[in-house]
Each structure stands twice: as structure tokens, then as C-alpha cells.
Amino acid sequence: MATSNKSRLVDEMKMQSGQDPNNCYQCAKCSAACPVTAAMDLLPHQVIRYLQLGLEEDLAKSKTPWICASCFTCAARCPRDLDLARMMEGIRLVMLRRREGNKFGPADLTPEQLEKLPQQALVSGFRKYNK
Amino acid sequence: MSTALNEKSAGYQPLIVAFCCNWCSYAGGDLAGTSRMSYPANVRVIRVPCCGRMNPMFVLRAFQRGADGVLVAGCHPGDCHYSTGNYHGRRRLSAFKRLVEFAGFEPDRFEVRWISSSEGDKFAEEMEQMTAKIKALGPNRKMRDARWQSVT
Amino acid sequence: MAERNLEQLEKIREAVSQDLLSGRIELLLGWEKGHYWWQSRPLFASSEGDLARLTWDSFCAVNLSRYLLDELKDHQKVGVLVKGCDSRAFNRLLQDNMVQRDRVILYGLPCPGILDYNLLAAEAGSKLKGITEENGQVILKTEDGEIEVNRDEMLMVKCSECLYPDPVVYDQMLLEPLGQKEVPERFKAVNELEALSSEERFAYWEKELSRCLRCYACRQACPYCSCRECFVEQENPRWQGRAYQPSENFLFHLVRAYHGAGRCIDCGECQRACPVNIPLQELNRKLIKDINELYGDYEAGVDAEKEPPLLTYRPDDPAAFSEK
Amino acid sequence: MPRTGVFICHCGTNIAGTVDIEKAVEASRNFPGVVHADDYRYLCSEMGQDLIKKAIEDNKLERVVVGTCSPRMHEGTFRKAAAEAGLNPYLLEVANIREHCSWVHKDIEEGTPKAIALLRAAVAKAVLNESLDAPELEVEKRALVIGGGIAGIQAAIDIAEAGYEVDVVEREPSIGGRMAQLEKTFPTLDCSACILTPKMVEAAQHPNINLITYSEVEEVKGFVGQFDVKIRQKARSVDPVKCTGCGVCYEKCPAKASSEFEMGLSKRKAIYVPFPQAVPNVPVIDRDACLYFRKGRCQICEKECPPQAIVYDQKDEFIERRYGTIIVATGFDQMSPSQYGEYGYGQHPDILTGLEFERLFNASGPTGGKVVRLSDGKPPKKVVFVQCVGSRDKARGMNYCSKICCMYTAKQAVLLKEKVPDAKSYVFYIDVRTAGKGYEEFQRRAAEEYDVAYLRGQVGKIFPEGDHLVVHGVDSLSGKIIEIKADMVVLAAASIARADAPDLGRIVGINSDSYHFFNEAHPKLKPVETHTAGIFIAGACQAPKDIPDTVAQASAAAVKAVGLLSKDFLKGEACTAEVNQAECSGCMYCEAVCPYSAINPVEIEERYHGGTLKRTVAEVNPALCQGCGSCTVICRSGSVNLKGFSNEQILAEVDAICLQR
Amino acid sequence: MKKMIAADELAKLWIRLAEKSTLFLPVQDGPTVLYQPWKDGAQVELEAFNSAISPKDIFLPREETYLHYHCSGQSLELAAVEDDRAVTAFGIHPCDLKAIEMLDRVFMEQEPADSLYQKRREKTTVVALSCTKPDPFCFCGIFDVDPLDAPGADVMAHLVDGYMHLEARTEKGKALLEEAGDLLENSTIDKIEREIKTTDFGLDIKGLPEDLKSRFDDPAWDELYKSCLSCGVCTYVCPTCYCFDVEDYGHDAEGERFRCWDSCMFGHFTQMAGGHNPRPSRKERVRQRFMHKLQYYPEVYNEIACVGCGRCLRSCPVNLDIVQAIKALGGEKVEHR
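Residue numbers (the working numbering), protein chains in the order written: chain A, 393 to 523; chain B, 45 to 196; chain C, -5 to 318; chain D, 51 to 711; chain E, 64 to 400.
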């Protein structure tokens, strides 16, 4: 296992979510509370642990961030006031941006779509899938 | 003296009078010393028993006598050695601070801070900040008695 | 208006002369006419004959309560005619332990505000011979005829923001109360000064205060200045130098105002007494405004039972500085 | 101008390294009033002090200024030296040129002018110094202990043994406190009652101890040596002199109320003693529950009481006494976990807090000492313990560790195994903290010998399913989700400060931290002192702690109290306020802001126009005044001044400090 | 020498006069008119009645530093503070100039003369200005002041029909007009004719000073003082009050000494070092002030120390002024009593 103190993933995730994984003391309450752990390969507290250790590559392979349903139960229960759901979202965002170039842009949308889709959805879509 | 008034020149050294309560802030100053922290020598401390002892007239006198900034420091609310001194001090000095600002003083010239006896680092930092702010403001011309210069 | 004033005056005279004759009071503090019709000065009446000089008109500006400080040394029981501000001044003195409530009879006179002769004269243009009042209007009688002006626009500065035209404490209300007054924009002048930059404000006060003669009329007229020895005169320590330096001017005026923090009843006698027209009331009003903002609404002199804000505190008080 | 001497200390190189001593001495010579200036390597040494003493005598010095370390360090030393040379100690001033100068500035160019300015200010102040005398304060040879738990009992016994009278004020009808509620104590598994009851009896029977139960402190005035305390003794409705403690009254009483002592798990009568070993063994009538008080009829207890000790019209009484010292030992509360919805506390009878569970073991407890489920009376076979409920939780609870939960959980798991041998315990923990003599060994025994399963992780939710409680948790070490069908769940709820601790703090005059635990004067060196002289703290009112720590702290507080009581007189504050009555206008604003009620109005006579006139002025009681100076500022005319920090002195310091830029 | 200048050209004259002297003029300062050193842009109010404070300030400044001290070791050095710059006092009304002449007697006719005052007086050129429209409080008539002529002026000026006419009456006055010669033209009028009506408040002051000699304990004093607030307004605005105090500024090693106005209306004015105060209450102080004006000064200089400028009538916050005092003491025409 190669741990690294300097992880770009962690830095970007911190920036995106405003949450610092070092605030976690690994009580695992998030995992105990999470309704979708059955489908996860890493438990939520383990994701934080990986973040603490800077295990970027292992995280990149994990399904957990993608399984997280953002139900915020973990955030509500966390005694350290960490918002794990936000951290998961941060990880997803970083991963998406990292994987490849622009997934799709305004040009990929038809005029009807542009008209029908709510503005918020468009903005968040571009934010998520564009570099 | 003349260098002191040489506004915003590289050599301008402001004079800052800090009134510190004996029990918290003065002790915080002692701790800054014991911990060998460093802050600008522009700050001179006068020891008072409590910030409840701080008569605003002391502040005005310091300005009259050429101080460029005045800081009053006391115990954090709730920690007053005399139970209520800083609660009274907070009201008195708040009203006074706004009054002198209304008279045209820059807000940074007169400050009040709570510094406990364990906050040597905060003491040093506040002194550092106060000095920097006063340096940026330049000499106090507003309340300084024009005659003081000729008798010092 | 002239008739109604006479009517009111008769009512007042009747009430107080009864008390003066019966010995309920030994002395009445009221007003009499000065050299001209626009001047009313303090009257110290101890006999029915004195009461013949009593007046009640739109120029009775002098706050009479302060005279109690000395008159109660010479008299057991003193009666005072009190306007709204005079009554608040009385409460100030009461709260400061300077007077005894049971030795004073207060006769309440609701006051619609004192007229400023200088404003009237300026409005008149030619020589002003006299005025009458009617329905909130003042009719100026000039050499060139009559001019009608809005009464509220002719008020002294000290009356322009008055919230309490009616006496707040009295033994006997002699006239019909007027009710609490609406002041559309209280602290207007303070707000305007606050909107300036530090430099502009300083320039403003430096200029205004430069005229100060240190005659201490502001202090002597003030109901909150009841110290036996003012800091200004003390030799040891010498707080205040006598020189007319800007720094000494600032010291005096800031400390004078500060000593009224939470105590000033906003009667404006300081400003009225000033021979060089320094807007002293704005310093006092700044403190009233701030203390109300920071520590809750408090109108000094309105309720003598309510503790002045600088004599108390709350642990969660806000501060005008960073508490980090 | 008084003849002033200036002495500057090198403090080795501590000062001399950053202050040009020679220059400072030279500058000092020219200060107005200075007739002698000298320096020395270590002024605080005996040689240094002798140098000062000799100079005072040789130069007939009337004031002394020492430029040394902080006055908080050696002011006392130098004042004593000055006194030995015949000078009033308060004629000496310290210029702090070490902590506030040489140690915080880089070089001699910075340090020297500042040191000279500080010396100049000290001289300017010193020439205005006056001879002062600290008033001598008589010490009332009696202590007050607030709180009759183990801390209060221990402190009281220690003080009483030292030969001083102690009053113990306890809010409940009996002393004993939290410890009385415990079954066994870790790590030795001593029976709590067996070790506590003798102490309670000892306290009750000690000739120097006076127990004032069912009472609360309402007012504390005065100061160290002379605290005047007003205690409200609540109406017990039972005459303690007549009562024999036979118990007939509560046997016969028809009215019931929830038992505080049993944590609400069972009922007690309207007339009751909280627990069988209560001291004093005198019942009280709970007037909110009593039928006679509520509806005007019943009076069974009165009829049944053999010695006729029932007094329905008893009133609250006030005891006003003076004490030399006060120990505050008011203990702690347990946080209610009901705010944690996921644990379901309060919604199911088999979800308990640690203290509630503790009562189930007790022979006189709600289940008569049988460990059974409150829902169906069956012994639990699977019990889940959850640690850190409300502790170490900055989001919804307390940020601190409650310190005792790890140990009592282990204890309860062990006790459970002994009572219900086929029971299995599971403990969800974050960390197991067992710092203490024999603690680690005990916890390991629980895990190894008593088969307690320690699961590192937390519980996400608990919900009933049939007869069971499903505990959904995680074991973070294996990364496995754990689901346990438990019979019972015990929540180790956080220990918190008493809800009304801040109120008591205000009454007594001591302050608390952000959790409302009382503050010690110094976290390391003054752990039982408070910032208020003569008032000490002990036990869990200061922070969560176990019994040994509590007892140790109680004895420490007792020693401090005894030390104080052993003196006949205390030196009061010399720097007190004084009123210039000729100038005082008598507004009494000073009285309003004085935190020590040290200022009172007095009437004086004054000449006026040949006669005399009476008027009110302020007067300071120097024994009460602590010298804060708040009065001096509210006084507009400066008619109140503070000795040692007078208006004249502070202005002189300001002037002087601004002279040397 | 009689010259004139168009009123709208006066600003040029101020510039010229201010070049070589400190030029005092009645200037609008906020809501108040005061004699102040002229500065570019100052709003000069020559016709205002009356300046809030009399122009005595020019000769007896409210604050005047006159020596500097320096101590070192056992030695004390003193240095006089001097200012040789010439002064022009412009637009002084006849009443005020008469008052200054009263001060002259006090400061210069007694031995030794007050050198500070004397020096200022000597270096000052006074340009007096006749009155145009007095206000209701002017009552100079009863003190023999001619509002159209000030005999003691160096230059007498009149504003007539858009022109200021200037007549030099002394060498100093001539010099001043010559200084500005190129700005001036010869005056076209010989004599000024103007009707000035002032009130007399029904006063009759004949014999009052003599009469008051025996009335130190007159019951009138028991009533008159009552409304007095004990402030110093009347004395500070008054042109004939001249009391001052001396104070040091500085510290033990270095400082300066100055004198500044003081007022007999202040309780501290007569406070002695031991605490005794011969004038402990307002009654004694009010009596002192009016006795000084109406009896003590006239006894030495044969003239009541009042010029009827009306300033105390305008400024006293409680209307306790010299007219009221004179009336209370019987100085009223028979038909008014």
C-alpha cells in the first residue's frame, strides 16, 4: 500500500466539498447508518480513511462514491460534524473531470432539449461533465 | 521625534500604548515574553488592575500626548478576576469607541481586545497587527496636542 | 392662540398660587418675560405678587429642574413648572440622587416645542413685531404685513426631535396632554455625519469645536452635569488643560458627552446655551443612538426606576470591537 | 519630589542581551526625582536585594523603581526587600523590562529605548506612590461545603478532622449523591454502598459536621475569610428531631410519584426517603404528589406516625451564617440521549442509559436486583452497549470525553455475566480509554474472561423487531456491517454539568467553562482553586471524573480550606478604592457597579451659609474592596480613586511613556 | 487722508493687507460671526451685529504662550516666546473700540504696564467701521458711544452706497492706506450722514456708580443672581472683561507657560489653595461681576465698564444680563419703574 501525504484528489475534494477528512476519528457511525452499504465495496468510513491516507488509486477503483445516494444520513449522524455526502460528491466530481475531456457541451444538445431542460440542470450538468 | 512624524516614510515608528489588565492580558504579555515571541517595540504596556478601571480619559490623554494608537486589553467576558469588570468595560469602551469614531478618529486607532493569560501568541499577534494597522494609518494628527512636540 | 395662552396661563397661575398661599410650596420655579416678547426667563416666585409676572408661551425654553440643585438647599418644598424635557431632567436628577421627590411638586405642562426667534426673524424679512399662533401655524406680524409659516419648521433645534412633549413625571397635570410625538427620522443629523468619512467628520468637528470658548455654558445648563467638581476644573489630576488647543477642545467635548452616556435626556439645553452655536446635541445623540443599538432601547429620564445602561450589563452584550 | 532610586537588573543576559544597561542607567539618572541609579547582574538574588537595601539606607531613598522581570514574578520579593530597609513596600514600582521588553524584541536598538520608556513611566508612577497598608481580615473558622456527594462528604470529613466546623448543604433529602446510586465500583468491584455508607454515617455523626439537607444556597456575600451565606432549608414537613426513621409513614402513604433516585424506573411514595441508607434517615413530603397538599385530605402519615413527627405547615427556613471558606462539590448530570433519534431512547423500555442500567443490579432497585428486561421481566441474553453517546460529539453533543464510560461499561458487562451467566455482551466503541490504576487490566478481563465482544465502530440505528431490538452497526476493523438482535441496549450517555451550575456559579461568584463546568484557577497548578479567593471546587462539577479522582480532589480542596482556616487573619487588598467625600455628589453610581458591595451611602454634614446641611456621599469598606477600580470610572468627577492605580498615577505613566518615543 | 474703494473690490484689499500683517476681520464661521485672521475664501461679514465674541481677542488672545522652560539637572532655562508680526484689526465697531480703550487703561496705564498687551496694541492698526443697522440689543447710546465715529481709530471707515470710505487719522492709519494706495481712489464724501436708532431699555445710569458704593449688601442681589447658571458666557463675549489665568503645559523637564481667559463667574476663579473661597456661591459672583462693571471700574476710571454692545443680552442662556442688573439696582428712568 502506498500512502501519500500529498494527494491531488484529496486537495481537490477538499476544495469542492469544504470538508477536511482529517477531522474524522473513524468511529464508523457513517457506515453504521448508511442504508446502501450492502452494495458498497468500501464502507463510507473506509472511504474517509483512504482519503486520510491518500490512497488515490484504490479510491479511483472503488464503487462506493458512485453508490452513495446522497441521503445525508451519514452527515446527520456524524459526531465530528463532517458532511460525508458532500465529500462523496467531491470525489465523484474530481473523478469525472479527471477521466476524460468534455463529455458533452451545449453543442450536443438539440434546440428542443435546450428549451425544455431546466436551466439548473443544464448548469449542473455542464459543471459536472465539462472540464 | 521628527522621524516619528515623518509620515509613512520607511522610518516611521508609531507609538502604541496598550493598557492591559493585570490578571489576563498583562499576564498574556508575560507569557509572550516567556515564550520568546517577538512583536514590535512600538508597543508600550501600562498595567491596570482590570479593564473596568479603564477610564476613557486615559485613552484620550495618550492620544493628546502623541500616541498613534491605543489598545485596551482585558480578560475574556466571563473570566474577569473581579467577575464583572470586563462586562462593564465592554459597555463603556464600546460606547466610547463609537463616540471617538464619530468625532473623526479612524476605527483602527483605538481598539479593545480580550486576551487571556494563556494567550501569549494572541498577545503578540494583536500587538503585531495593531502596529501594522497604525503604520498604515500614519501618525495621529487628530488628537495630538500641537504643543507636545515642542516639549519633548 | 393668544387668548388660549392667556386662558392656559390663568389656569396655571390659579393652581400654583393656591399651593403657594397654602404653604404647600415655598417657592415656584416658572418663567417671566424678558426684555422682548420673544424672551422668557426663569422666574423664582415666592409670593402672589411674584406670580403676577408668570408667563407661559412658546418661548419658555429654559429647563427649570436644574435650579432645584440649589433651591432645595434653601427651601423645604419647591414647586416647578415642567415641560416634557424639564420633567425628564427632574428624573435625571432624581436618579442621580440630587433631589428628593417628596420635596418637589411638579406641575406638568405639555409643550408643543419652543420657537426659535432667529428662524422667525429670518422668515419675516422686515422687522418682526410679534406673532400669533393658530392650528399649527405661526402668523408673523411684520412691518410689511402678515406671513404664515408652519410652526414645526420654526422650532428650536432642541425641540425638533422631541419624542416626549408631555411631562413623564408630575404631581399635577395642568393642561391637556399632547401625546407622544412621532419623529419621522430620529437622529437625522447623526446619520448624516455617520455617512461621512473619518476625515470629513474630523474636519467637521474640528471646525465646529474650534469656536469653543470653554465658557461651560453647555455644562452649566445641563441636567446631567451635577458634579460638585467637574473633571475640567480639577487640579489634581489635571485632566483638562485650559488652552484653546484642538486637542483640549476634543477632550472636553468628548468627555462631556461621554459622561452623559446613557444619562442624557436629550433636552438640548447644552446646544441652546452655547454662545457660539456648536451642535453639541449631536455628540449626545450619537451616544443615545449607539447605546440603544447595542444595549437595548433606553430613553434616559423617562422612567426613573429603569437602570441606566452603563450601570449594568448582560453577559452576552455585543461589543463595538472584535471579540475574537 | 521624593528621592527615587532606580535599579536595573541584567538578569544574566536575559535583559542585558537586548537592553544596553549602561545607557538605561544613565538615562534613569536624569529622570526627575531620581537621585540614585544602579545595575546588578541578578537583582533578585540575595546580593542584589542587599544592594537595594543598602542604597535605600545610604541615599535616604523614598521611592524605589526596579527594572526587572514582570511584577507578577518578583514584585513581592522586591517589596519585601524594600520593607526590610524600612520603606513601605508599596513605595516600590517594577518596570517590566524582561517579559515585556528584552524577551520580545530583537536587538539592543529596539530594546534599549523601550526599556528607558518603561523605566521613565515606572518612575513617574512611583513618585506618586503612597504608603499603603493592607487591611487585616478576620477569618471565620468555619467551612461551607456545597454538595453532599462523595466529594462533599470527603472534603467535609477532612476539614472536620483537622478540627474545624463544616456545614454541608445538600439539595436532596439525603447526602450520598451519584455514588449512592451505583451498585459496584470499578475496577475492584467494591460494593458502592458498602464503602460509601460508612462515610455518610461518619459525616452525620462527626461533632464538627453539620448536615443541612433538602437545602440550597441562595446568596453569598462577602469575601475570603468572611463569606456571608444565606441557605434556604426547604420545608420537609417532617420534624427531624421527633422522627425515628421507622418508615411507617412511607409504608402507608397511598400517593406515588416517579423516583428520582431510581432514575424514574420505579415509583416512590409522596412521603419518602430516597433510598434505604439515606442520611439523615428522615423522610420528606413531596408536596406536589401528596394527596393532603393536593386535595386537602388523606393525612394518613400524620395519623400513622408513632412519634407524631409530621408537620404539614412547616415553612421554608433561612439559615444565615458566616464562613471562612467554601468548597463547591455539586457533581454532574447524565445527558438524556433522547435527542439521538437513531438510538430510540425513550421509545422502548429496554433501551437504557448506563446509570439506569446500574439501578437494575441494585438489590433495592426497581427490579430488586434482578437484571431483567423492563418490557417483559425476562433476563436479557444479548445486551449491546453503545459508548460515546453524546461524548466526543461536537455536532450534537459534548466535544469532550466523559472519561468514566469505558470503565463502567466494562464493569456492567462483567456484572451482567455474573447475574445472567448465559448473557452475551457487545460493546460498540470508538476507542477504549482505560488510564488508571488497574483499569486496563480490568477491561481486558472483561473481554478475555467474561466474553465481552468489543466492536470497534458505532451504531447507526436501533429499532424494535418482535421481542428484540435490532442494532444496526458496523465493525470498522473488519469493515463488516453488524446486525445484532439484542434483548437490551445500554447507552453510555455523556456526563454533563448540572443544568443550574451557571446559576450557582453566579451566586457563589465563580465562573464556568463553555460546558458549564466550573473553572479551576489554573489547569495544572491550581486545580482546586477558583479565581475567587477562598472558594474551592472538587469532583465532577469541575469536569467528568471517576471516584478516586473525585476523592483525591476533595481532599486537596479540604487541605486548601484548612490552610486558610488555620490563619487568624488574612491580609486584605492594599490597593483599594477611596472616596473624596468633599467632592462626591452622592449619585451612588459607584455602588451600582461594585461587584463586592463594598460601597455604601453615608450621610455627612456640611457647612452651608452659616448653618449645616446633610447630604449623602459614598463610602468604601476597604475590607470588602478588592481593588478592581470599576467605581473610579463610573464616577464622572473622579471622586472615587484607586490607591496604587490612581488617576494621577496612570496619567503620569501615560505622559511619561509618551515622552520617550 | 480720505480714500475709498468699491465694496466688491474689498477682497483685493484683504489680500494686500494680509501680506504684511495678520488681518483680523469679522468672518462668518458656521452660524456665528467672529473676528478671525483672514484666509482666502473667508466669508467677511462687515455689517453683522454683533460678532458673537468681541474683538478683544485680537489684543488679549484667549490663549497666549509667552515663555518656554527647560530644566536639566539643577539648571532652569527660560526663553520668551515672541511674535513680531504686525496686526490689522479691520471692521471694529465704535462700541468695541471704546471697550478696547477701557482695556488700555487697565493694561497700559497702570504700573507696570502689561508688556504682552502693550506690544500687541502697539503693533496693531485699527480700522474702525461705523454702524449701519444695529440690532434690537444694541444700546450703546446711553454710554456716549457714537455709532458713526470711533475717535481712537487709526483709520475710520464707512460703508456708503457700495463704497467703503477710509479716513486715516494717525500715522499708522496713513501708512496702512499708503500700503494699499494703488487699490484706493480719493473719497468723494466729506461727512457721513446716517440715522442710527438704538434702544435705551428705559435705563437711566446717572449716578449709579456712586449710588452703588453703599449697596454691596443690597437685597436686590438676593434675587438677581438666582437664574444665573454660573457659566462664563457673559464674561467671554463681553468686550470689557479682561480676567485671565496662567497655566503651564508640559512636564517636569520641559514646557511652556501661557495665559488664557478666565471668568469671575466660575466658582474656581477665587478658589484659594487652602480650600477657602471668598465668593462661594453664585450670588457673590454675580454681584462681583456687575459691581465691577458699574462701580469698581468707574471708581478708578470714571466710566461704567459697559459700551452697550448687547452681547450678554444675546448670549446669556437665561437672559440674565447687564440691563436686567441695572434695572434691578434702580438704574431705570422714573417713568419705567
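Derived by calculation from the structure, the hints in this document are not laboratory data.
Please note that a few of the clues may not be correct.
[As the list claims (entries may be wrong)] Some residues of chain C that are not near chain B, with every Cβ distance over 12 Å (derived):
#	residue
1	Tyr61
2	Glu194
3	Asp310
[Claimed, not checked] Below 16 Å or equal to it, Euclidean Cα-Cα: the simulated EDC-like pairs (lysine to aspartate or glutamate) are:
#	chain 1	residue 1	chain 2	residue 2
4	B	Lys166	C	Glu317
5	D	Lys664	C	Asp51
6	C	Lys67	D	Asp336
7	E	Lys346	C	Asp64
8	D	Lys444	A	Glu448
9	D	Lys535	D	Asp553
10	A	Lys406	A	Glu507
11	C	Lys318	B	Asp165
12	E	Lys346	C	Glu26
13	E	Lys289	C	Glu317
14	C	Lys121	E	Asp285
15	C	Lys318	B	Glu169
16	D	Lys664	C	Glu65
17	C	Lys67	D	Glu655
18	E	Lys289	C	Asp51
19	C	Lys283	B	Asp165
20	C	Lys5	C	Asp68
21	D	Lys453	D	Asp472
22	E	Lys289	C	Glu227
23	C	Lys123	E	Asp198
24	D	Lys444	A	Asp433
25	C	Lys318	B	Asp123
26	D	Lys353	D	Asp338
27	A	Lys455	A	Asp475
28	D	Lys284	D	Glu301
29	D	Lys664	C	Asp68
30	D	Lys530	A	Asp473
31	E	Lys182	C	Asp64
32	D	Lys271	D	Asp553
33	D	Lys302	D	Glu266
34	D	Lys444	A	Asp473
35	C	Lys27	C	Asp44
36	C	Lys67	E	Asp198
37	E	Lys346	C	Asp68
38	E	Lys289	C	Asp68
39	D	Lys156	B	Glu172
Quick caveat, the model's predicted, so the values are computed rather than measured.
Even for Gly, the Cβ is constructed at its ideal location relative to N, Cα and C.
TODO: Go through the numbered hints given earlier and state which of them the structure violates, listing their numbers in rising order.
DONE: Numbers 2, 3, 5, 6, 8, 9, 10, 12, 13, 14, 18, 19, 20, 21, 22, 24, 26, 27, 28, 30, 31, 33 and 36 - these are the hints that the structure violates, sorted from lowest upward.
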